[in-house]
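Spelled out from the first residue to the last, the chains are:
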Amino acid sequence: MINIDNVSYSYKKGGGVSNINLTIQDGEFVFLIGPTGSGKTTILKLLYMDLFPKAGKITIDKFDSQSIKKRKIPYLRRRVGVIFQHYHLLEDRNLFENIALPLHVLGYDKEEVVELVNESIDEIGLSGKESHYPHELSGGEQQRACIARALIKDPEIILADEPTGNLDPVASFELIKLLEQISKEGTSILMASHNYNLIKSRGHRIVEMQNGSVRQ
Amino acid sequence: MINIDNVSYSYKKGGGVSNINLTIQDGEFVFLIGPTGSGKTTILKLLYMDLFPKAGKITIDKFDSQSIKKRKIPYLRRRVGVIFQHYHLLEDRNLFENIALPLHVLGYDKEEVVELVNESIDEIGLSGKESHYPHELSGGEQQRACIARALIKDPEIILADEPTGNLDPVASFELIKLLEQISKEGTSILMASHNYNLIKSRGHRIVEMQNGSVRQ
Amino acid sequence: MNKLIFILAEGFKNVWRHKSSAVSSVFSIYLTLIVSGSLLIVSQNTNKLIEYLRDKYKIEVFFKDSVTEKRVEELTADFKSINGVNSITIISKKDAERIFKSQFGDDILSILGYNPLPISCVINLKKDWPSRIDIKPIISNLRKYREVDEINHQGKLISRIENYYESFLEIMVVIVSITLIIAVFIISNTVKLTILSKKELIRSLQLIGATKSFVKGPFIIEGVVHGLLATVLSFYTIIGVLNFSKYFIYDLTRFDIYYDQVFIFQVLLSLSLLVGFIGSNRAISRFLK
Amino acid sequence: MNKLIFILAEGFKNVWRHKSSAVSSVFSIYLTLIVSGSLLIVSQNTNKLIEYLRDKYKIEVFFKDSVTEKRVEELTADFKSINGVNSITIISKKDAERIFKSQFGDDILSILGYNPLPISCVINLKKDWPSRIDIKPIISNLRKYREVDEINHQGKLISRIENYYESFLEIMVVIVSITLIIAVFIISNTVKLTILSKKELIRSLQLIGATKSFVKGPFIIEGVVHGLLATVLSFYTIIGVLNFSKYFIYDLTRFDIYYDQVFIFQVLLSLSLLVGFIGSNRAISRFLK
Ligand SMILES: Nc1ncnc2c1ncn2[C@@H]1O[C@H](COP(=O)(O)OP(=O)(O)OP(=O)(O)O)[C@@H](O)[C@H]1O
Ligand SMILES: Nc1ncnc2c1ncn2[C@@H]1O[C@H](COP(=O)(O)OP(=O)(O)OP(=O)(O)O)[C@@H](O)[C@H]1O
Ligand SMILES: [Mg+2]
Ligand SMILES: [Mg+2]
Numbered sequence: 001m002i003n004i005d006n007v008s009y010s011y012k013k014g015g016g017v018s019n020i021n022l023t024i025q026d027g028e029f030v031f032l033i034g035p036t037g038s039g040k041t042t043i044l045k046l047l048y049m050d051l052f053p054k055a056g057k058i059t060i061d062k063f064d065s066q067s068i069k070k071r072k073i074p075y076l077r078r079r080v081g082v083i084f085q086h087y088h089l090l091e092d093r094n095l096f097e098n099i100a101l102p103l104h105v106l107g108y109d110k111e112e113v114v115e116l117v118n119e120s121i122d123e124i125g126l127s128g129k130e131s132h133y134p135h136e137l138s139g140g141e142q143q144r145a146c147i148a149r150a151l152i153k154d155p156e157i158i159l160a161d162e163p164t165g166n167l168d169p170v171a172s173f174e175l176i177k178l179l180e181q182i183s184k185e186g187t188s189i190l191m192a193s194h195n196y197n198l199i200k201s202r203g204h205r206i207v208e209m210q211n212g213s214v215r216q
Numbered sequence: 001m002i003n004i005d006n007v008s009y010s011y012k013k014g015g016g017v018s019n020i021n022l023t024i025q026d027g028e029f030v031f032l033i034g035p036t037g038s039g040k041t042t043i044l045k046l047l048y049m050d051l052f053p054k055a056g057k058i059t060i061d062k063f064d065s066q067s068i069k070k071r072k073i074p075y076l077r078r079r080v081g082v083i084f085q086h087y088h089l090l091e092d093r094n095l096f097e098n099i100a101l102p103l104h105v106l107g108y109d110k111e112e113v114v115e116l117v118n119e120s121i122d123e124i125g126l127s128g129k130e131s132h133y134p135h136e137l138s139g140g141e142q143q144r145a146c147i148a149r150a151l152i153k154d155p156e157i158i159l160a161d162e163p164t165g166n167l168d169p170v171a172s173f174e175l176i177k178l179l180e181q182i183s184k185e186g187t188s189i190l191m192a193s194h195n196y197n198l199i200k201s202r203g204h205r206i207v208e209m210q211n212g213s214v215r216q
Numbered sequence: 001m002n003k004l005i006f007i008l009a010e011g012f013k014n015v016w017r018h019k020s021s022a023v024s025s026v027f028s029i030y031l032t033l034i035v036s037g038s039l040l041i042v043s044q045n046t047n048k049l050i051e052y053l054r055d056k057y058k059i060e061v062f063f064k065d066s067v068t069e070k071r072v073e074e075l076t077a078d079f080k081s082i083n084g085v086n087s088i089t090i091i092s093k094k095d096a097e098r099i100f101k102s103q104f105g106d107d108i109l110s111i112l113g114y115n116p117l118p119i120s121c122v123i124n125l126k127k128d129w130p131s132r133i134d135i136k137p138i139i140s141n142l143r144k145y146r147e148v149d150e151i152n153h154q155g156k157l158i159s160r161i162e163n164y165y166e167s168f169l170e171i172m173v174v175i176v177s178i179t180l181i182i183a184v185f186i187i188s189n190t191v192k193l194t195i196l197s198k199k200e201l202i203r204s205l206q207l208i209g210a211t212k213s214f215v216k217g218p219f220i221i222e223g224v225v226h227g228l229l230a231t232v233l234s235f236y237t238i239i240g241v242l243n244f245s246k247y248f249i250y251d252l253t254r255f256d257i258y259y260d261q262v263f264i265f266q267v268l269l270s271l272s273l274l275v276g277f278i279g280s281n282r283a284i285s286r287f288l289k
Numbered sequence: 001m002n003k004l005i006f007i008l009a010e011g012f013k014n015v016w017r018h019k020s021s022a023v024s025s026v027f028s029i030y031l032t033l034i035v036s037g038s039l040l041i042v043s044q045n046t047n048k049l050i051e052y053l054r055d056k057y058k059i060e061v062f063f064k065d066s067v068t069e070k071r072v073e074e075l076t077a078d079f080k081s082i083n084g085v086n087s088i089t090i091i092s093k094k095d096a097e098r099i100f101k102s103q104f105g106d107d108i109l110s111i112l113g114y115n116p117l118p119i120s121c122v123i124n125l126k127k128d129w130p131s132r133i134d135i136k137p138i139i140s141n142l143r144k145y146r147e148v149d150e151i152n153h154q155g156k157l158i159s160r161i162e163n164y165y166e167s168f169l170e171i172m173v174v175i176v177s178i179t180l181i182i183a184v185f186i187i188s189n190t191v192k193l194t195i196l197s198k199k200e201l202i203r204s205l206q207l208i209g210a211t212k213s214f215v216k217g218p219f220i221i222e223g224v225v226h227g228l229l230a231t232v233l234s235f236y237t238i239i240g241v242l243n244f245s246k247y248f249i250y251d252l253t254r255f256d257i258y259y260d261q262v263f264i265f266q267v268l269l270s271l272s273l274l275v276g277f278i279g280s281n282r283a284i285s286r287f288l289k
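Residue numbers (my numbering), protein chains in the order written: chain A, 1 to 216; chain B, 1 to 216; chain C, 1 to 289; chain D, 1 to 289.
It is worth saying that the hints were derived from the structure and are not from the lab.
In this text, a Cβ means the ideal position worked out from N, Cα and C, and glycines have one as well.
Some hints could be false.
Computed list of lysine to aspartate or glutamate pairs in EDC-like fashion (alpha-carbon distance at most 16 Å, straight line) [said to hold, decoys possible]:
#1 C/LYS199 x B/ASP50
#2 D/LYS212 x B/ASP50
#3 D/LYS64 x D/GLU10
#4 C/LYS101 x D/GLU51
#5 D/LYS199 x B/ASP92
#6 A/LYS12 x B/GLU136
#7 C/LYS13 x A/GLU136
#8 C/LYS101 x D/GLU170
#9 B/LYS12 x A/ASP168
#10 B/LYS12 x A/GLU136
#11 C/LYS101 x D/GLU150
Ranges of calculated distance between the beta carbons of each label pair, as one might list FRET restraints [said to hold, decoys possible]:
#12 C/LEU112 x D/LYS94: 15 to 21 Å
#13 C/ALA9 x B/GLY186: 33 to 39 Å
#14 D/ASN243 x C/ASN243: 31 to 37 Å
#15 C/LYS13 x A/ASN211: 46 to 52 Å
#16 D/ARG282 x C/TRP16: 19 to 25 Å
#17 B/LYS72 x C/ASN243: 55 to 61 Å
#18 D/SER213 x A/SER67: 56 to 62 Å
#19 B/ASN211 x A/ARG79: 38 to 44 Å
#20 B/ILE206 x A/GLU130: 29 to 35 Å
#21 B/ASN211 x C/LEU228: 50 to 56 Å
#22 C/LEU228 x B/TYR133: 36 to 42 Å
#23 D/ASN243 x C/LYS13: 46 to 52 Å
#24 C/VAL42 x D/ASN243: 18 to 24 Å
#25 B/GLY107 x D/SER285: 20 to 26 Å
If you want a taste of the chain D side facing chain B, the calculated C-beta under 7 Å gives, among others [what the hints assert, rightly or not]:
#26 PHE6
#27 ALA96
#28 SER213
Take the sequences, apply the hints, and build the full model.
See the structure below:
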């Protein structure tokens, strides 16, 4: 369960979010929309504790932003799968190694890693490109690799920031369906998106941001 | 005028484009659509001569891919404004410096640079954020900065690769209108996009790619 | 366990992946080790060098004509108790004859039929004085004896060498400390440069949920491998140069450079590991807030 | 013109922007210059050192008792024409008397009433032989004279020193060349490390339509500024150390180190600029295909 309780954050140079309240239950799928610069990415960063609220409190499962110790943050992040707006694939590792990294962090052994990663690459339709480095993949392929990397460790919470920006309509639709299926199994999902056509009328909650606040 | 004459290119690890034929007149606005990995970015790279065709010939104004000398490529690129799929804003320079860079390359003097850049930042609605570094801008703001950087030198040709991926619907619509206006003044524009809803029924030519070829 | 293997493997792979920066890094450590190693050898030989120079300090005492060999023996036994005197060699009339021959090319006996040369003795000074040697009290002590005719000594040379003795030791300490500080500094800088291009990797790992030690591990292993390479290279360089110059210097000055291979290797190794470890740790920690 | 200003400004700004890598870079150049500078001074003093050592070569010739002072003067005039002889000092009976006194503490006249010491002369050798000195022909030449009784010389010391003379010069040349190669190498490596983190900038500039020289310019200026800083630092270090050790060494050995500040500065400057320029150029060109 995710709970954002009256949270505010402001960057040194201005901008940020204020008085955000939002609760996401286990297995709930919530969309976050709003114009450029309205604070969607900021909320997601607060959730994976890359930023800490200036006021208010964020609770994710047993972790909360006020009492968590710095060295405990990695353990929070291991439960959260994040699809970043700017992918952060590692340029000096190939597709296979990039997707395998979260498993190495969790200490999986070699056979498990190979099996899980191959399966996942298959799923995103990139088999045969295991040895491609990020710059040898198309924009959409990189984005899919990021999705695979976020999902491979079976996270309890998924945070997705504009995951369809470089995907074609078919692939975008498939991603939504995949996420819906995962959410049915009990995973909470918060997804920021501009693609209103894609998300409307699928029956999920839509939270709209404007100028750093949630529009009621 | 842009002319792609039976061009093929293949990457070492496979993938690429084959037998592409496409002519874009001065002042024409052409959309390039197609699923992920179909070769859109590859065609754009061939046009700004980051890649060279393995077969066939590309002609852009007086430059052609078969006879151009390496040290002449910068002069071709100065006439072309490119909006890259992965922005390539410089992380260690702020918004102002990033947008000013093409003018410095062209040797504009200081006053001109300041005037033009401020004007352009105003236009994309980011005034007040001149001193923000790229990581201090939201995804959409970065994308707009890239658009401003491509347009500031008044290019004769604009190549745009998925320029609306991180823009909200309103901003995307405004971009299209801006590009239409620029194209009316005689600039050729080739824009790769997944956002079919945005580009359909605006009366521009749409070229569809599939598996590295143009679908007729 | 799996994590440990991964971290180790990553560390070794990194050495190879970043070949060109590895060369720079190893080279910086190498240079530092060469300087430190040379200083180590110089400082180990400082005492030997001082002793070598002090070996040349001699006080010659000439006795009056009337003094017999027996009396000289008694007197030199007395001299020995003077503070600072190490050993005494008596130069008998016979010895003086030989010296005369080598000095003037002629046999004094064959010229004169008898030997008019006085008995003398050479006083060698103790070499292991903790501080500077002052020969004045010794000389004045010797002058007290009626039987002593003349005293020859190289007082000026001695005081010149002794003047530098203390300041030399001080300078050595200063240079060694400066070198060590510079060593940490330069290594941490090289590692920082290397890591600069890996900021992205570090950030990604952190966002994926890697702990600090997981992120640091490969870098520190990489640093340690660089340190080991530099140790081996600098060790053989130093030993090579030493072996060469040892004979050269011995041949010219009869000064025998002292060195202990095992000790040098241990110092170089611990220096490179310590400094390399501190250096990489410092550099990574900057990026790991 | 505007471009030139921009490139210059960028170059200087970069030195500041990349402070920490600048420190590394300057330090590498600094170390290299220190080594090269020291070698320069050693090589400039090699001839002086050889002359200093050769100054100590002396051949002593003792004449037979019967030879008169006048005849000795004639003979020494003869000796002067021997190949390799520089100057000759005659040691008369009076001089020998004084030497006897200093050696044995006694006045030979007061002992014997007359002076039995032979006349001798000391032959100084020419110092500026182009190659190794061989004294054997000189000795055998001297032996031909009937009037000569004994000849003393330090043949062994001379041949020891001369043995090293030639190989020493060869070794100097080898070391200097190795140092220079290493200098280019290490600087190009440091610059490469610095540029590695600026691959993105270079690529962006190229995609925007910047010419090669526009991209290279700021890097080369940055490199040149580093070179200048290193030159100034190393110059003052070398001069400082020289000034200190000059007096130290002179005091101990009377050997006066020769150096020419202006020349040293010129060599350091051109070395750092040349090597820095080649180094950065090489490093950037890799990323500029
Ligand atoms: N590090 C930072 N320093 C200063 N201002 C920042 C920083 N990061 C973001 N901002 C500003 O905060 C505001 C919100 O940014 P945020 O990234 O949350 O927007 P967003 O909703 O994700 O937008 P987009 O849809 O374009 O991704 C923007 O105006 C941005 O300029
Ligand atoms: N440097 C490279 N080396 C090898 N293969 C490459 C390289 N760059 C691209 N490819 C492959 O070429 C194909 C076409 O890539 P391209 O980037 O042109 O696709 P795209 O149409 O732009 O896709 P997207 O909509 O995802 O951006 C893809 O299958 C990709 O994996
Ligand atoms: Mg965002
Ligand atoms: Mg693309």
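Status of each hint after checking the structure:
Pair hint C/LYS199 plus B/ASP50 does not hold up; C-alpha atoms about 27 Å apart against a cutoff of 16 Å. At most 16 Å may separate the alpha-carbon atoms for a hinted pair to count; D/LYS212 and B/ASP50 meet this at roughly 15 Å. Straight-line distance between C-alpha atoms of D/LYS64 and D/GLU10 comes to about 85 Å, which puts the hinted pair past the 16 Å bound. Straight-line distance between C-alpha atoms of C/LYS101 and D/GLU51 comes to about 30 Å, which puts the hinted pair past the 16 Å bound.
Taking the CA atoms of D/LYS199 and B/ASP92, the gap is near 12 Å; set against the 16 Å cutoff, the hint holds. Restraint check for A/LYS12 and B/GLU136: satisfied, since their Cα atoms lie roughly 10 Å apart, inside the 16 Å limit. Taking the CA atoms of C/LYS13 and A/GLU136, the gap is near 22 Å; set against the 16 Å cutoff, the hint is violated. Between C/LYS101 and D/GLU170 the alpha-carbon distance is near 42 Å, which puts this suggested pair outside the 16 Å criterion.
At roughly 25 Å between alpha-carbon atoms, B/LYS12 and A/ASP168 are farther apart than 16 Å, so this suggested pair is violated. Simply put, B/LYS12 and A/GLU136 have alpha-carbon atoms about 10 Å apart, close enough for the 16 Å limit, and the pair holds. Simply put, C/LYS101 and D/GLU150 have alpha-carbon atoms about 10 Å apart, close enough for the 16 Å limit, and the pair holds. The hinted range of 15 to 21 Å is satisfied by C/LEU112 and D/LYS94, whose Cβ atoms lie roughly 19 Å apart.
Roughly 58 Å separates the CB atoms of C/ALA9 and B/GLY186, a value that falls outside the hinted 33 to 39 Å. At about 33 Å, the CB distance of D/ASN243 to C/ASN243 agrees with the hint of 31 to 37 Å. A beta carbon spacing of about 47 Å between C/LYS13 and A/ASN211 agrees with the range 46 to 52 Å that was offered as a hint. Remark: the range hint 19 to 25 Å for D/ARG282 to C/TRP16 is upheld by a beta-carbon distance near 22 Å.
At about 59 Å, the CB distance of B/LYS72 to C/ASN243 agrees with the hint of 55 to 61 Å. Between D/SER213 and A/SER67 the beta carbons are some 57 Å apart, a value that agrees with the proposed interval 56 to 62 Å. Look at B/ASN211 against A/ARG79: about 39 Å separates their beta carbons, and that is inside 38 to 44 Å. As the Cβ distance of B/ILE206 to A/GLU130 is approximately 34 Å, the hint placing it in 29 to 35 Å holds.
Taking 50 to 56 Å as the suggested C-beta distance range, the pair B/ASN211 and C/LEU228 conforms, at roughly 52 Å. For the pair C/LEU228 and B/TYR133, the beta carbons lie near 39 Å from each other, so the given range of 36 to 42 Å is met. For the hinted restraint 46 to 52 Å between D/ASN243 and C/LYS13, the CB-CB distance of approximately 50 Å keeps it satisfied. Distance hint for C/VAL42 and D/ASN243: a CB-CB separation of about 20 Å, consistent with the stated range 18 to 24 Å.
Checking the proposed 20 to 26 Å range against B/GLY107 and D/SER285 shows it holds: the Cβ atoms sit about 24 Å from each other. Contact between D/PHE6 and chain B, as hinted, is supported at the beta carbon level, the nearest pair being about 5 Å apart and thus within 7 Å. The beta carbon of D/ALA96 is not positioned within 7 Å of any beta carbon in chain B (closest approach about 84 Å), and the interface hint is therefore violated. Interface hint at D/SER213: violated, since its Cβ lies 10 Å from the closest Cβ of chain B, which is beyond the 7 Å cut-off.
Of the numbered hints listed earlier, those contradicted by the structure are 1, 3, 4, 7, 8, 9, 13, 27 and 28.
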